[in-house]
Structure formats: C-alpha cells, structure tokens
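Novice: Residue strings, one per chain:
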Amino acid sequence: DAGITQSPRYKITETGRQVTLMCHQTWSHSYMFWYRQDLGHGLRLIYYSAAADITDKGEVPDGYVVSRSKTENFPLTLESATRSQTSVYFCASSMTDMSSYNSPLHFGNGTRLTVT
Amino acid sequence: GQQVMQIPQYQHVQEGEDFTTYCNSSTTLSNIQWYKQRPGGHPVFLIQLVKSGEVKKQKRLTFQFGEAKKNSSLHITATQTTDVGTYFCAGHHRGSTLGRLYFGRGTQLTVWP
Chain A
1 DAGITQSPRY KITETGRQVT LMCHQTWSHS YMFWYRQDLG HGLRLIYYSA
51 AADITDKGEV PDGYVVSRSK TENFPLTLES ATRSQTSVYF CASSMTDMSS
101 YNSPLHFGNG TRLTVT
Chain B
117 GQQVMQIPQY QHVQEGEDFT TYCNSSTTLS NIQWYKQRPG GHPVFLIQLV
167 KSGEVKKQKR LTFQFGEAKK NSSLHITATQ TTDVGTYFCA GHHRGSTLGR
217 LYFGRGTQLT VWP
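Going down the list, the sequences are from chains A and B.
The first sequence: position 66 = 66 (this note's numbering), numbered continuously.
The second sequence: position 74 = 190 (this note's numbering), numbered continuously.
Hints were generated in silico from the structure; no laboratory data involved.
A quick note: this is a predicted structure, and the numbers were derived from the prediction, not measured.
Don't take each hint at face value.
[As the list claims (entries may be wrong)] List time: in silico DSSO-like cross-link candidates among lysine-lysine, alpha-carbon distance up to 27 Å:
#: 1; chain 1: A; residue 1: Lys57; chain 2: B; residue 2: Lys186
#: 2; chain 1: A; residue 1: Lys70; chain 2: A; residue 2: Lys57
#: 3; chain 1: B; residue 1: Lys152; chain 2: B; residue 2: Lys175
#: 4; chain 1: B; residue 1: Lys186; chain 2: B; residue 2: Lys175
#: 5; chain 1: B; residue 1: Lys152; chain 2: A; residue 2: Lys11
#: 6; chain 1: A; residue 1: Lys70; chain 2: A; residue 2: Lys11
#: 7; chain 1: B; residue 1: Lys167; chain 2: B; residue 2: Lys152
#: 8; chain 1: B; residue 1: Lys152; chain 2: A; residue 2: Lys57
Put together the whole structure using the sequences plus the hints.
Specialist: Written out as structure tokens, the structure reads:
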C-alpha cells in the first residue's frame with residue numbers, strides 16, 4: 001500500500017555499525033509494528049507502538065531500539081549490528097484502538113538488511 | 117510462551133487440487149487474521165475471524181475459526197497458479213496486550229500448472 005513506506009529497500013552494513021531503518025505512514029494509524037522475517041521463523045514481532053511516545057517490546061527486541069516522537073514515523077535502530085540481524089524487516093500499521101480487536105495490519109514493502 | 121503453530125510448512129499441489137493450512141494455539145485467541153505473501157512481496161491481509169465457529173468465504177477460499185477459538189484453517193478449492201505464495205495466520209491471545217499479534221510460520225504453497 002502506498003500509505004506506508006519503508007527506506008531503504010536494501011542495506012548492507014558491517015558488524016558493529018549502527019543502522020536505522022525508516023518507516024512512515026500517511027493514514028494516522030495509531031498502532032505501528034516492526035517485524036523481522038527469516039526462513040523457518042515466519043514473522044516475529046520486534047517492537048510495537050500504540051501511539052506517539054508509547055512503545056513496547058515484542059518477541060525478539062534484543063539489539064533493537066525504537067522511538068515514536070510523531071504518529072507517522074516509527075524508526076528502528078540496530079545499535080550495533082550483528083550477523084544474526086541479517087533479515088527482511090517489515091514495518092506495519094493498523095488503526096486498532098484499545099476498545100476493539102486488532103485491526104488488519106498494513107505492511108510496507110520491507111527492508112532487506114545484510115550484515116557482513 | 118504464547119505461540120501460534122501453523123502446518124504444513126510447505127505444500128505442493130497440481131493446479132485444480134485443493135489446499136488446506138491449519139493454525140493451532142495452546143491458549144484461547146480473541147481473534148485470528150489471515151495474510152497472503154506473494155514471492156518477493158509483503159504480507160497482505162485477507163480476512164479476520166472473531167466469533168467461535170465462524171466460517172467466512174472469499175470466492176474459492178474458506179476460512180474457519182474453531183469452536184474453542186484455539187484453531188483455524190484456510191481451505192482453497194481448485195487451486196490456481198495465482199494462489200502461489202505463503203499464507204500466514206496471526207492470532208491475538210485473549211487477555212494479552214492489544215497489539216501483540218503472533219504470526220504462525222506460514223505455509224508456502226506451490227501450484228504446478
């Protein structure tokens with residue numbers, strides 16, 4: 001969907017470097033998510049955010065940092081990249097609010113990250 | 117921990133054959149969603165099931181939510197080459213924080229013409 005964009009699409013970095021993956025959505029969705037996708041593991045939740053300045057850990061948060069100063073942006077930072085963080089990273093958003101079931105997730109096109 | 121198990125991991129069928137993928141949870145789910153990811157693409161939402169025993173259809177696709185809300189299935193009748201992709205279920209465990217949606221590992225469907 002054109003409403004959620006990730007950048008860059010591809011990134012190669014070296015072990016130990018800091019890397020930031022960007023995610024921007026234009027729908028004003030309250031919830032935003034970061035997932036990583038690896039063969040044999042499906043999609044695993046790294047962090048999610050219910051609103052600006054509210055973030056929470058998912059299944060695999062170690063080695064990652066997020067922030068959400070504005071509703072539309074949800075960057076993901078790898079503080080010191082490791083080879084095990086080589087993966088495809090998907091950002092997603094939804095209009096879920098606290099009174100309803102989870103609404104559908106709208107995914108970005110993903111960032112393919114390689115750590116050498 | 118709270119997980120959603122999905123089987124099979126791979127399924128190869130000839131065009132025209134049927135296909136089914138199953139999801140199971142050890143705890144009760146408040147709702148379950150299904151997504152399709154084409155090769156090289158991103159997951160795209162297909163449907164959400166909320167009620168116990170719910171059945172929904174989208175053309176050749178039939179989605180079911182178990183009576184105990186611990187399992188779900190996606191059945192495709194008479195597969196076509198356009199059905200190729202990976203199908204994921206994603207469940208929200210009842211009582212857990214809203215937003216925590218757990219994905220199954222997916223079933224990768226290959227359709228031979």
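Novice: Check each numbered hint against the structure and report the violated ones by number, ascending.
Specialist: none
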